[in-house]
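Protein chains in written order, with my numbering: chain Y, 130 to 410; chain H, 3 to 362.
Read the hints as simulated data drawn from the structure, not as lab findings. Treat the hints with caution; some may be incorrect.
[As the list claims (entries may be wrong)] One-sided and incomplete, this derived list gives chain Y residues near chain H with beta-carbon spacing under 7 Å:
#, residue
1, ASP134
2, LYS138
3, ASN257
4, ASP316
5, GLY318
6, ASP356
7, LEU357
Please read these numbers as outputs of a predicted model, since none were measured by experiment. The C-beta atom is built at its ideal place from N, Cα and C for all residues, glycine as well.
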Amino acid sequence: MKNNDIFKKIVIANTFFWIVITAVIPNLLLLIASLTQQQYEQPLNLRFSLENFHQLFSPLYFKVYLNSIKISVFTAIICLIVGYPYAYIIYKEDRVYIKNILLIGILMPFWTSSLIRTYSIIFILQFNGILNKILVGFGILQRPVNILYSESAVIFGMVYTLIPLMIIPVYLSLRRINNDLVESAKDLGAHSFQIFFRVILPLSKSGITSGCFIVMLSSLGMFYLSDLLGGSKNILIGNLIKDQILLGGNYGIGAAISTIFYIFVLLGVLIQKENYKINFD
Amino acid sequence: MVLDSISKSYDGNLIIDNIDLSVKNGEFISILGPSGCGKTTLLRLIGGFEKPDSGSIFINNIKVNDISPSNRKVNTVFQNYALFPHMNVFANIAFGLMIEGKSKSYVEKEVKKIAELIGLEKLLNRMPDQLSGGQKQRTAIARAIIKKPVILLLDEPLSALDKNLRQKMQIELKNLQKDLGITFILVTHDQEEALSISDRVVVMNNGIIQQIGTPRDVYETPNNIFVARFVGEINIFDAEVTNVTPGRISLLVENEILYDTKNKWSFKLGEKVKLLFRPEDLRTDTVKNAKILQNVLIGRVESTRYKGATLESSIVLKSGKEIKASEFFDEDDEDFDYKIGEKITVNWINGWEVILRDEE
């Protein structure tokens, strides 16, 4: 009994230690950096100030926020439109091996470095790349067009990179639907279309919201995609943070943006929690 | 409804083995059997969720093998109710009519009518997770009968409820069935439920119907040892036919006593048989009080169980066989009880036996 107690304490202490090291301390540093004014002469003499947050209200930054939100919303919508049917096909498939192939098919790219995958997207989308060659070859286009270095290319890259994050939660929420519900809908006279829209779709709502939420958040932070695929035309929140810190050396502003971003993520998580409560408790 | 030599197998295992069954309109039928006997599969075949490998299913003289569940005039109450968790009670009950595209006012009127019949009128705005087991059960039944099915299938509908509620719901189900005049087919593994609720009981085992009959038939004259054992408790004595005339039959029971009774059977001289008695048909007495000591079995009391109205004794016979007797307390014997280890005589009411061929 006593040994058990000690073991319990060690496990809890270990978990606690790593949470402090990896989450609490970095976030506290972030918060401190965002709330202080940097003084190059005396780096350790921190002075409290809200100046960093004040600067975030500049119209220039607003353009970046709006652009980021627009791109992340488009990405999430496209991921949903493409990902939901895919998840539904996996859910409906009875043969286990096909199910596994379909699942591995979306997980495998996820395990490869996304930087490498982004470079391969460049090869596909560039002016004399595969996509243009195919479109011209089939006579759909007269001559190659510039797809790369545009907003569409950024969204394409994001959808490609993030779609597993939509498919997995949607698939999991579909799998949680008790087959008896589908059968009882059938029993009560519903046809496939009605079963889908009245039973399956509403019951997979939690998967849809989780998927959209995760995809949107991840897309906000993916600065390298807009760097590589969008040229420097598409500045997103992620780019802003990176540029402020790495290029401008403005740790304060970078930290302030991150903090705001962080607060939104927390709010989102809380909303998600509510969502799960309604559906599964 | 008629099932005509239905068979069904999964992965090479025969689950339903050539079953014939006909059910009259308005009948209350229970399908009784241990788990894995194929009773749920049989229900799913009638509901249309499975297709038989061979044989035909007729409902109102129409072959329905290829008719999907959504088009069959059959509705099911699922074992775990399967209420739609995202809809309130009203929407759950209304589901079947909404699907048909009935007008809003008609749906409302019908739901109200059914809710009143079943006692749900105050709960229409609740969500399924705010309902008790019995209320969920009622919602599931309301949702099914609003479609006015010819047959209502119930898959172990009361198994999740506690004993008191279960008995109450049994009576309600029976009354509901009488009021609606719909054929009810109920699957259960609870023999008490099957006996008390239904017009006829179908006892199943290993995908085969063992016996079809009224609850009384099945309990009092079981067809075989499986039915005798599964429906209620039973004492089985080994016996051999020692004398047989058209009117009487004599048996040597447990190699100990001779028993002469009316011959309702067609056993041959010398044949090994089983003599069956329900615990309540046995009569016991202490050896020292016994009026008759000849031709009675002698046993030792192993344990007794006081059950209020009856005393249930477990008795070990000379042969080592354990039997059960269940006797009422009556005015002659108000405080009758046995000491553990006491020697007693075991007798029975002449003519109340069932004799079966020895299958073992």
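We went through each hint and held it up to the structure:
1. ASP134: violated, 37 Å
2. LYS138: With a minimum Cβ separation of about 37 Å from chain H (threshold 7 Å), the hint on LYS138 (chain Y) is violated.
3. ASN257: violated, 51 Å
4. ASP316: holds, 5 Å
5. GLY318: holds, 5 Å
6. ASP356: Not OK, violated: ASP356 (chain Y) not within 7 Å of chain H, min 43 Å.
7. LEU357: LEU357 (chain Y) check fails; min Cβ-Cβ to chain H is 42 Å, beyond 7 Å.
Consistency note: the structure conflicts with the earlier hints numbered 1, 2, 3, 6, 7.
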